[in-house]
Each structure stands twice: as structure tokens, then as C-alpha cells.
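Given these sequences and hints, build the entire structure.
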Amino acid sequence: MAENELKNVLQQLHRSLQSHDYQQSTTLLSRAKLALLHLNALIPSEKTPRPHLQLARETLEIGAITSIRLKDPESFTRYFQQLQPFYALPAEVLPKDGSNASKITGLYLLLLLSDGDYAGFHTLLEMLEMVAAQTGKGLEDDAFIQYPIRLERALMEGAYDRVWGETKSERVPSEEFGLFSEVLIGTIRKEIASCSEKAYPSLPIDDAKSLLFLDSEGAVVEFAREIGWVVKDGRIYFPAQEEDLRSRDILVSSDTVIEHTLGYARQLETIV
Amino acid sequence: MSDTMEGVVTEAEQPTPENVEQKTVADIRSNFTLLERAVAQFDTRFTLRALRSISSLRKRLDERVLCSVIVLTYSPSNATARVLIEAINMDGKAIQGVVAQYKEEIDQNKGNKQDPLPEVDVYIAILIQVYLYDQKEYEEGAEFSTQLVDKVRELNRRTMDTLAAKAYFYFSLFHEELDPKPPSKQSPLVSIRGRLLAALRSAVLRKDQETQASVTTLLLRNYLATADITQADLLVAQTQFPATAPNNQVARYLYYLGRIRAIQLSYTEAHENLTSATRKSPTSTVAAGFYQASMKLLIVVELLMGDIPDRATFSQPRLERALEPYFKLVQAVRVGDLQGFLKIVQTYASTFHRDGTYTLILRLRQNVIKTGIRMLSLSYSRISLRDICVRLGLESEESAEYIVAKAIRDGVIEAALDHENGFMQTKQAGDIYATREPGEAFHERIQACLSLHDECVKAMRYPMNQHRLELKNAQEARERERELAKEIQDGDIDEDDAAGDFDGL
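Read top to bottom, the protein sequences are chains A and B.
Counting in UniProt numbering, the first sequence runs from 1 upward without gaps.
Counting in UniProt numbering, the second sequence runs from 1 upward without gaps.
The set of hints was computed from the structure by calculation and includes no laboratory data.
Be aware that a few hints might be false.
Covered by chain A, per the in silico footprint, the following chain B stretches (three or more residues, Cβ under 8 angstroms) [unchecked claim]:
1) 184–195
2) 220–230
3) 263–269
4) 392–400
5) 405–411
6) 417–424
7) 446–460
Between beta-carbon pairs, the in silico distance windows are [said to hold, decoys possible]:
8) B:Ala416 <-> A:Val257: 26 to 36 angstroms
9) A:Val272 <-> B:Lys458: 15 to 25 angstroms
10) B:Glu272 <-> A:Ala265: 17 to 27 angstroms
11) A:Gln81 <-> B:Arg45: 41 to 51 angstroms
12) A:Pro49 <-> B:Gln147: 27 to 37 angstroms
13) B:Ser350 <-> A:Pro95: 22 to 32 angstroms
14) B:Arg382 <-> A:Asp115: 34 to 44 angstroms
15) A:Arg153 <-> B:Glu154: 46 to 56 angstroms
16) A:Ala265 <-> B:Arg461: 26 to 36 angstroms
17) B:Gly411 <-> A:Pro95: 49 to 59 angstroms
18) A:Ser75 <-> B:Gly422: 42 to 52 angstroms
19) B:Lys59 <-> A:Pro49: 51 to 61 angstroms
20) B:Gly422 <-> A:Gln81: 45 to 55 angstroms
C-beta: ideal position from N, C-alpha, C; glycine also.
Okay, structure coming up:
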């Protein structure tokens, strides 16, 4: 009987997830998915009985979490897409309790954020906001969803120290979220570097260390060399690109001016 | 949002119901002539005129009027008539009463065996849709509309395109009102997507641009109602909006497109679309809802782009009251008052939710901070980070430093930071006329004027075969000239005579 087998596999899956044996999890997952196919419950239809739906959702959620721990964003995205029809079911058909919907969605938002896909992030957020407004529950109470939202806001404002604070382990809502911290810190470091180039004429190495959230001065020198900053007498000097930019600017603009004027002439000819 | 598609209907008590009824029936029947002419001459203008009169007929529609029209138009045994009468939901006695009233005319019509055109059927059906919608009979309306659109699709007549577009419009409107209402995923709105997409496909294949435009906007509205922005975006990417679509459809399409782009953070594109949408929206009072909705969105998008909307926008009589929360919002953003901004968002949260602008407005926070920094950099040549932090109500000095650094990189302000001493030093503002800015602004305006000119030329209508008439005229003129020349040559029209007139000079 496929149902019993599936329940068995699920129990094993939970155990393997706790013992961090992901190799085993993946093999178990494919068995679970096969069982789901036998039950015809991998994609919810009107006739799928409720226990099957619950089992299917559980399997897919475990799959999503496993792929996040294995740092496999593509497979996570796939699981997330597969879960969508389940989350869209009304509460009468599939009760919301026991579901990790907000955790998975929060993780997906974070994934979009770390990819820099802001359009996708806001598209999803708009949908969540609409659903939340309809059920009367605000998104504000949902710690899993609020976390990426707070991060996005801080990133857009430029308050990078807040992003840094959020990625500390005690602020992260669950351990899976912590896996993104590394990517995020890399992102903000790059952002800070490009901001510093424009904002400071020069910077002492010691200050740069705290600005860039690096551990040692050696790391700063290493980082500076990577992006081509000049380190001299304990200070970082940023390469001046302005002169270069300005001369190019004139060339570009004269081209466009000529182009525009010719365009006007052509248009005038058609009108007169 | 639901009021954006429909004008507000007010029920007014008419002084003499008998007369009004007679007149309405006559009006509707005179529209049939227009429809017949449209079919005969293959000119949609007549159909459009018949459709346009719906808005004035609408207030006077009731079941008796509709029943009279049907009884007078069809022979008693007609199957279509039966379906239409059933849809009005009148009891048998009332129908008998109407039949008795028009007995003479019906007898006269008996000799005339010809069945009315399908266009007339559909026109009456649309009137019934309007009537059912105004009576809030949404269930029945939805069912009737489903039958209607199926029939229209089967008929496949090019003279029916404008009517079909209207039928689809009400079809979707009825489903929108059914429970559970969107944005619930169980809304009946989701289930009609298949039908609408099929309609879109056939419309494209049949080069039926009216229906194509109408169904595209309906689908976009449908997707946006349940916040399926990705699908809406894909639809826009995969389809081509017909260039010859009526103005109202174009305005709607641009509005939805602007909405999608705003959510996807492409503010420039969103701004372009929304500006055109507001300009294309009707100037009379009929579509005030649409104008308000698109203006609201446009204001938020302008704010997100870092622009401050014109003060005059808010004092237009049909916008003034609706835009009040937005006006306060703009004021807060303009002075960079972060606390005031958060307070306004909190106070009007429900309004913004209803307008569907809430998430967009939440994104404004960073703009408020940027404006605040810009104000500070304009007023002080040197200011400490501590003061910036206090003035803008930020959490820490470190935050302030990063935020200012980002503002400098994004080109919001011209300044430099001094980390050791902890202050921001403003650079001397350069001469704006030495940059490309004025040239770009100039180019933008010229571009707008030129495209306006092009659109005007495209919008002009040339009567069919007119050039032949002109050719004929020219030919005649030439002939006359030749004759004249000949006569002059012959000396018949004498120069003396011609010159004689000028003697007095």
C-alpha cells in the first residue's frame, strides 16, 4: 500500500534531516515522490483525499528544506513552485496547521534577495500582501516573512550595518535562513566598497576594516588588492576615475546631439 | 478598483413612466436600424453609435421595456426570443400584459417573416446584461453571459466584433462580483481564464481587434485581481496589443501595464505608461473612477522615482477629495520627514490597501531618507554624522554613514565623507547648464510633441473613395479650363468685355 509506505519514508526522512544525513534524504525523497505519484497526489486535484494532500505537502516541504541545506537553489525553487498549488488550496480542503508555508516562502524571498532579483521579490511580496489583507492577518506577525522584508528595506536604504546585524546567528529565525548570511555579507561588502570609492577621498585601513566588516587588516589589504585600490602608508586611496569619465562624456553627448538634431530635421521634413 | 470600469449609476424617478417607457422602446428600436446599416455597409461606426447610447438608455431600462422590445422584434415562436425573455425573469402574466399592449403592432409585423439579424440578438442580450448587472442579479448574469459569449464565438461575424467585446466585458464583470470575491484563489474569476484565453486566441486568428483588445485588458485585470503578476507579465510579453484598439481599451491596457511595471520596480516604464493612461482617460465625468485610480498610482510612481508631483494635480475638482491621503504623503516625502511619513502610512493604511498602493508606498521610506539627506546637504556645507542621524531619526551613526555613502554613489547629493572626523562635506554645486541635463529635457519634450503629431495624423479618418471624387472634380475643372482657353483663343469672350469691368478703376 503506497500510503503506508509513504508514511514510513516520511518518518525516516524526518530522522535523516535531524541527523543531517542529506545523502540519505535525497534517496528517500525520490522514493517518497514515487509513492506520491502512485497515490496521484503530487499535483492536487479536486478528488485527492485530504490525508494524501497533507502527506504530499509534507514531503515537498522536507524536500525544499533539504535542498536549501544542500545549497541547491534550483531544486529548492522547483519544490517551491510545486508547493504553490497546495498553499493556494482553501483551508476547508487542506487545513493550514502543520504547514511550513511561511517558512518556505520566507526562504524563497531570501533566495530572490540574495540573487538580486528585486522584481521577483516584490512580485511575490505583492501577492502575499494581498492574501494577508484578505484573511485579515497582517504580514507583520510572521517572523519568517518579516526577516527578508527587513533585510530588503535595510539594503535599499543603504543601512548596511543593520543587514550585518540581522545576519548574526541569534537574529536569524531558523537555521536554514543562516545559510544565506554568507551570500548576503558578500553582497553588502561589494556594495559598501562601491559606495566608499565615491564617498571618501581616502580611508585609513583600520576604519576600512570596521566599515567592511572584515576581521583583520590583512583581510582588508587582500580585499583592496582584489578590486584594485591603492594601499599606501596605512591608508587606502581610491582610484580617481572622474577625469576619464568626463572626457568620454563629452564625446558621447556630441554624438547624441548630432543624432537628435538630424532626427528633428527628418521629422520636420515629413511635417512641412 | 471595481468602480474603475463602471460609471456610477443613479436611479432617478421619472415623471411620466408611460411616456418614458414608450420612448425607451422607440430608442432601442431605432438603434436596430443603425445595426442593420452597419451590417449592410460594413462600417463599425454605426455599431459604435448604438453601443454608445447604452449609457443613456441604462437609467431607463426595466423589465417591461426589455420585454416589449423582444416581443416587438421577434415572431412569437422564435427560439432566441424565448431564451432572452427567460433571462429577464418576468412572470407569465406580465408578459401577457406586454403582448396585449402591443397587439396591433405585432399583428402588423406578422406579414414580415424575416428574422432579425444576429447583431440585433446580441445587442438585446447586452442590454439584458446591463439590466441584470444594475439589478445586482450577478448569479443569473454570469450564467446568461456565459451562454452569450459562447454564442458570439460560434457566430463568427466581423460586424459583431464591437458587440462581442462588450459582451465579454460584462461576462468578466459578473464573475468578479460572485463569491468568493478576488483576491481569493477560489474566486470564479480564476475559472473563466480559460474561456478568456480561448477568446483571445480566436480573436487574434480572426483579426478581430476589438475583442482582442477587450479580452487582453480583461485578462490583465483578472490576473492582477488575484495578484498573479508573473502571469500578467507573461501575457504582456507573449501578446501584442492591437494598434487600432479603441482609446478606452488602450487607456486600460496602459494602466494595468503601468501597475505591473511599478510592482517590478521599472518605474520609468511605469511612469510612461501611467502618464499616457491618465491622458487618454475620458475628460468628461463618466470615468472619474479610472482617472482617480490611475492618478493615485502615477503619484506614487513619481514619488518612487524621486520626483514631486505638481501641486496643481491635487486641486483638480474630481481628484481633490480622493487624493487627500496622497497629498499628505507627498508633503511628508517632500520635506523628508520620516516620522511624519510613517504616521501617514499608518493612518491611511486601509485606504492604501484598498487602492492597491500599500506595498508601493512602503518602498517610499528610502526616498524619504534620500530627500532628507538632500535637504541637509543643501542647507549645510558641513554637517556631522551625529546630527544627520538625529535629524532623520535614524537608529545609529553607522547607519547614517552607510546611507549617506550610498546617496553619494547614487548621485543624490554631491558630497564627500570624512570618516575620521565623522562629518559630511558638501561639494560646490556645479553649473547645471554645463551638463547634458537641459539637452535631455529638451529632447524629451520635442519627442513628445513629435509623437503627438504622428498620432494625430494616424487618428485622422479618410472617407472611402473620396479621392475618386476629387479626381473627377479635377477632370471637370480641367475640361472647363480647356474650354475657356479655347474660347479665348477663338476670341469669343472678348477682351473688351473682360477689360470693360475694370474701366472704372
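**Message:** Taking 15 to 25 angstroms as the stated bounds, is the beta-carbon spacing between Val272 (chain A) and Lys458 (chain B) within them?
**Reply:** 18 angstroms, holds
**Request:** Kindly confirm whether 26 to 36 angstroms is satisfied by the beta carbon distance between Ala265 (chain A) and Arg461 (chain B).
**Result:** This hint holds: roughly 30 angstroms between Cβ atoms.
**Prompt:** Does the Cβ distance between Ser350 (chain B) and Pro95 (chain A) fall inside 22 to 32 angstroms?
**Reply:** Given about 29 angstroms between the Cβ atoms, the range holds.
**Item:** Coverage criterion applied to the stretch 184–195 of chain B (partner chain A; beta-carbon cut 8 angstroms; 3 residues)
**Value:** The restraint on the stretch 184–195 of chain B holds, since 3 of its residues have a Cβ under 8 angstroms from chain A and three suffice.
**Prompt:** Are Gly422 (chain B) and Gln81 (chain A) spaced within 45 to 55 angstroms by their CB atoms?
**Reply:** Holds, at about 49 angstroms.
**Prompt:** Within 17 to 27 angstroms or not, the Cβ separation of Glu272 (chain B) and Ala265 (chain A)?
**Reply:** 25 angstroms, holds
**Item:** Range hint compliance [Cβ, Gly411 (chain B) to Pro95 (chain A), 49 to 59 angstroms]
**Value:** 52 angstroms, holds
**Prompt:** How does the coverage statement for the stretch 392–400 of chain B fare against chain A, requiring three or more residues with Cβ below 8 angstroms from a Cβ of that chain?
**Reply:** That given contact holds, which follows from 5 residues of the stretch 392–400 of chain B lying within Cβ reach (below 8 angstroms) of chain A.
**Item:** Cβ distance range 26 to 36 angstroms for Ala416 (chain B) and Val257 (chain A), holds or violated
**Value:** 31 angstroms, holds
**Message:** Is the listed coverage of the stretch 263–269 of chain B by chain A valid when you require three or more residues with a beta carbon under 8 angstroms from a beta carbon of that chain?
**Reply:** Check passed, 4 qualifying residues.
**Prompt:** Should the hint that Arg153 (chain A) and Glu154 (chain B) are 46 to 56 angstroms apart at their CB atoms be regarded as holding?
**Reply:** 54 angstroms, holds
**Prompt:** If you look at each residue in the stretch 405–411 of chain B, do at least three have a Cβ nearer than 8 angstroms to any Cβ of chain A?
**Reply:** Holds: 5 residues of the stretch 405–411 of chain B have a Cβ under 8 angstroms from chain A.
In summary, the structure agrees with every hint in the numbered list given earlier.
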